[in-house]
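Asks: Sequence:
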Amino acid sequence: MAISRAKRRNRGERMRGTGALWLTVSPFLIIFLAFSFFPVVFSAWLGFNRWDGFSPPQFVGFDNYLTALGDPVFRKAVWNTVYIWLVSTVITAGLALTLAVVINEYAVFGRTYFRLVFLLPLLVAPAIAAVILRVFFTANGGLVNMLIGEVTGTPTYFSWFDSTVWIKPLVVLLVVWRWTGWHMIIFLAGLQAISRDIYEAARMEGVSRWSIFSRITMPLLAPSIAFSVITATIGGLQMFDEPYVLTQGTGGTDDAASTLGMYLYATAFTQFDFGLGAAVSWYIFIAVVAMTLLYRRISANLGATT
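Heads up, the sequence shown is in this note's numbering, so the first residue is 1 and it goes up one at a time.
Don't read these hints as lab results, they were simulated from the structure. Be aware that one or more of the hints could be misleading.
In the SDA-like style, the derived pairs of lysine to any residue whose C-alpha atoms are separated by at most 25 angstroms in a straight line are [what the hints assert, rightly or not]: (1) K76 x G249; (2) K76 x F240; (3) K76 x R297; (4) K76 x T231; (5) K76 x P169.
Construct all of the structure, not just a fragment, from the sequences and the given hints.
Replies: So this is what it looks like as structure tokens:
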């Protein structure tokens, strides 16, 4: 009897401990289920249905996915997204790496100041950044047109934001301006993690500056570069803020700056075709997962070689 009472007491204590544990983690679980798990499951289900938010959903199978692939606007959005992502990533990573190397090598004092200065654009709201850019590139009275007019001697009223050729470079310019500082911080942290003894030993051996940079700095900085490029890629695939505010939600003339994020927003919240919007979101998700796996593969290979 004493043994059975001890077993019941131990069982009761374990149950109370388990109950206390579940009570402790229940707020997180509720928030996770409500705002993470359920939306993902609902989006997966919605991608196979046609639903406008009011009438009953209608099951259509893979029609939403095929409709997106057959839409010329969707294909143009894919091209615009790839263009803006590729060009902005190359320029941003190259400029950020250059700034990080210069600050790390030549800024004896004030590195915290430089970090703050180059991070300030990231704190500016995209809408305000677009207004600033319009001051420079607006057709009537823009500073760029005024400068061109002064150089050529004739007034210039070129409409930069209505151009199908120049609107994407303007979006790239806005992306580079906003995100270069963030990537610079990543590179600067990677550079400061490299032991100075390695550089001192190389200099004592008479190794040139370029050889030190190409054969020591770049290989040791490769994980930081991979992280920067992959995060820029993931952000580029989901890009919405910059092209939306710069084109005032229109995507530019002939959808010249419309991205996948804007296409998703337009189909779901303007046309109220939530099924098609969900299908597009899963295309974006698949691309993001692919890039994440690529980043893990690159990181694993770099870790094995360093």
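Asks: None of the hints should be skipped; say for each whether it holds.
Replies: Hint-by-hint comparison with the structure:
1. Taken as a hint, the K76 and G249 pair is honoured in the structure, with Cα atoms around 16 angstroms apart against an allowance of 25 angstroms.
2. Between K76 and F240 the CA atoms are separated by roughly 15 angstroms; this keeps the pair inside 25 angstroms, and the hint holds.
3. A hinted pair counts as satisfied when its Cα atoms are at most 25 angstroms apart, and K76 with R297 does not qualify at roughly 30 angstroms.
4. For the hint linking K76 to T231, the alpha-carbon distance of about 23 angstroms falls within 25 angstroms, and the restraint holds.
5. For the proposed pair K76 and P169, the alpha carbon gap of about 16 angstroms is at most 25 angstroms, so the pair holds.
Against the hints set out earlier in the document, a violation occurs for number 3 only.
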